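A.B. asks: Assemble the complex: chain G is given as a structure, and chain S must be docked to it using the hints.
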Amino acid sequence: MNNTDGIKKQKLNLVFVIDNSGSMEGEKIGAVNNAIRDVMSIMPEIQDDTSDAEIAISALTFSEEAKWVYSEPKSVQDFIWKDIGTDGGTNYSEAYDCLTKFFSKKENGGQMPDFGGVAPVVILMSDGMPTSYDWEEHLDKLKKKGWFKAALKYALAIQIDTKEAMDVLTKFTGNSETVLKVYTAEALRKVIKVIAVTTTKIGSSGDLVKDGNAIPKNEMMQAEVNKDLSDVDDVEW
Amino acid sequence: MYVFNFSNIGFRHINGRTVLQDYSASYIDNERTIITCADGHGGKMYIRSNLGSKFASEATINVLKRINKEAISKKKREITATSIRLSILCEWNSLVEQHLNNHKIRKKEIANLDDCQKFELSKRPRSAYGTTLTGAMAIGDKLIVVSIGDSECLGIKKGEIVTIFNNDDEPVGNVTYSMCQEDAFNHLKVSIMNIKELDGVLLCTDGLSTPYQSYDNLNESFIKPTVSRLKLDNDYSKIRKKIKSIAEKEGTGDDVTLSFMLFDHLKVKYYRRN
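Order-wise, the sequence lines are chains G and S.
Just so you know, my numbering puts 94 at position 94 of the first sequence, and the rest follows in order with no gaps.
Just so you know, my numbering puts 400 at position 163 of the second sequence, and the rest follows in order with no gaps.
Any given hint could be a false lead.
Simulated restraints on C-beta separations [said to hold, decoys possible]: (1) S:LYS504 with G:MET40: 46 to 52 Å; (2) S:ARG477 with G:MET40: 40 to 46 Å; (3) G:ASP5 with S:SER331: 39 to 45 Å; (4) G:GLU177 with S:ASP266: 57 to 63 Å; (5) S:LYS302 with G:TRP68: 49 to 55 Å; (6) S:GLY253 with G:ASN108: 32 to 38 Å; (7) S:ARG477 with G:PRO44: 36 to 42 Å.
Heads up, simulated DSSO-like pairs for lysine-lysine below, C-alpha to C-alpha not over 30 Å straight-line [what the hints assert, rightly or not]: (8) G:LYS143 with S:LYS426; (9) S:LYS302 with S:LYS506; (10) G:LYS8 with S:LYS506; (11) G:LYS144 with S:LYS281.
These are computed hints drawn from the structure, not numbers from a lab.
Note that this is a predicted model, so its numbers are computed, not measured.
Every residue, glycine too, gets a C-beta built ideally from N, C-alpha and C.
Chain G on its own, in the form it takes in the complex:
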């Protein structure tokens, strides 16, 4: 037995869930692509600053169907963002099914560790209403997953103004305070950066498992994100 044989750092999963339906065409998807590239450019620095956890990044796109950009979460070094295009409807049901599988334990075919773990961070970006009629049933299944419950969830409402569409996103995060209305490309870029960077910094610091409670850490992250967002124009929450 080697001294550290098989012993690994805890993973902090950062998951981007991106609506790339037809209505996102043009400036909106362009802003998403730029924002993720921007975030990725500073992630190596964030990873260097944390010794407790390894940041693992995943991206799920959904339009007519949902697809993972990579089949497995990638390290900061290995996650290379290639711009995505747009097409078709907004199939939330399939996206939620992919997330339900993702938030299962490895033993059961998912990406969450069988033992221990750090609360994941999920950022959903969308500009409209679901085109799949049964999305709420699929969301209910997702909400039963322990790791989804524990995750820090944000939703970015891209140029959305109807209450109905906002409600869809609020049902995803479970909290209206973590649904942000974003009106410009620049604001979207800044918001994604603030959420991704702040949450991964706090999420990967100390107190990895057990002993205490997950909720205070999520509250702390939310307070920090809100503080950092106060300087960003064209954002409402």
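C.D. replies: Just chain S, lined up with the frame of chain G:
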């Protein structure tokens, strides 16, 4: 049969000048072999969790010692399983009550708690003793396994891990079921099986499992080397040394506990690493 139990304080507790909160024990007589492993909660409010884990272990041994072969015959299994769950909880609560009566919670013990935590503890003082529990007893050709919380009960068979309790819908991250919660009965699980279904059973706290992250990795990197080496040289000191190293250097800094019993029919050829 190979029987082992060992607990080692983790580096976070050493640095924080707290005590070892895990507890493990083994008991052997002519009829039975019992092992236990419990992880006292580390949150601020659980000021006596080191005792909670000890009481959980004692309660389990006391209750399992009273079970005879007849009680686990096929007909009586269900009733026996329910009775074990109830008896362990009653025994643990009684040990806690007794301790609380003789040792009231002192101001000094709760000096670092905020007002909410103090209030919570004054309402439910037994929370101070919060702990997980796992235990196993081999009796005749049967095995009884009990578990509440996020400590692991792992069966091994022909070089593979066999999960005894499905835990996909259990709480995750830093939340766990506990002996101290009011509905603990709903979460304390008991399984009764034939010994031949397994080569052995291992109980461990999350201080051991978490650094390995997955069942596959834990099996390949820790269980197989431990089992094959033990069968080869019969030297338990190497296992204690490895656990000490995980607790004090390599792991997450949490206390580390491992208890196991390996049955005589285990064949070492299955436990060589891939």
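A.B. asks: With reference to the structure, classify each hint as holding or not holding.
C.D. replies: A quick look at each hint next to the structure:
About 50 Å separates the C-beta atoms of S:LYS504 and G:MET40, a value consistent with the hinted range of 46 to 52 Å. At roughly 45 Å, the beta carbons of S:ARG477 and G:MET40 sit within the given window of 40 to 46 Å. Under the hint 39 to 45 Å, the C-beta atoms of G:ASP5 and S:SER331, about 43 Å apart, fit the expected range. As the Cβ distance of G:GLU177 to S:ASP266 is approximately 59 Å, the hint placing it in 57 to 63 Å holds.
One distance hint, 49 to 55 Å for the beta-carbon pair S:LYS302 and G:TRP68, holds here, with the actual separation near 52 Å. Under the hint 32 to 38 Å, the C-beta atoms of S:GLY253 and G:ASN108, about 35 Å apart, fit the expected range. For the hinted restraint 36 to 42 Å between S:ARG477 and G:PRO44, the CB-CB distance of approximately 40 Å keeps it satisfied. Of the supplied pair hints, the one linking G:LYS143 and S:LYS426 holds, its CA atoms being roughly 24 Å apart against a limit of 30 Å.
For the hint linking S:LYS302 to S:LYS506, the alpha-carbon distance of about 34 Å lies beyond 30 Å, and the restraint is violated. Taking the CA atoms of G:LYS8 and S:LYS506, the gap is near 27 Å; set against the 30 Å cutoff, the hint holds. For the hint pairing G:LYS144 with S:LYS281, the CA-to-CA distance comes to about 29 Å; that is within 30 Å, so the pair holds.
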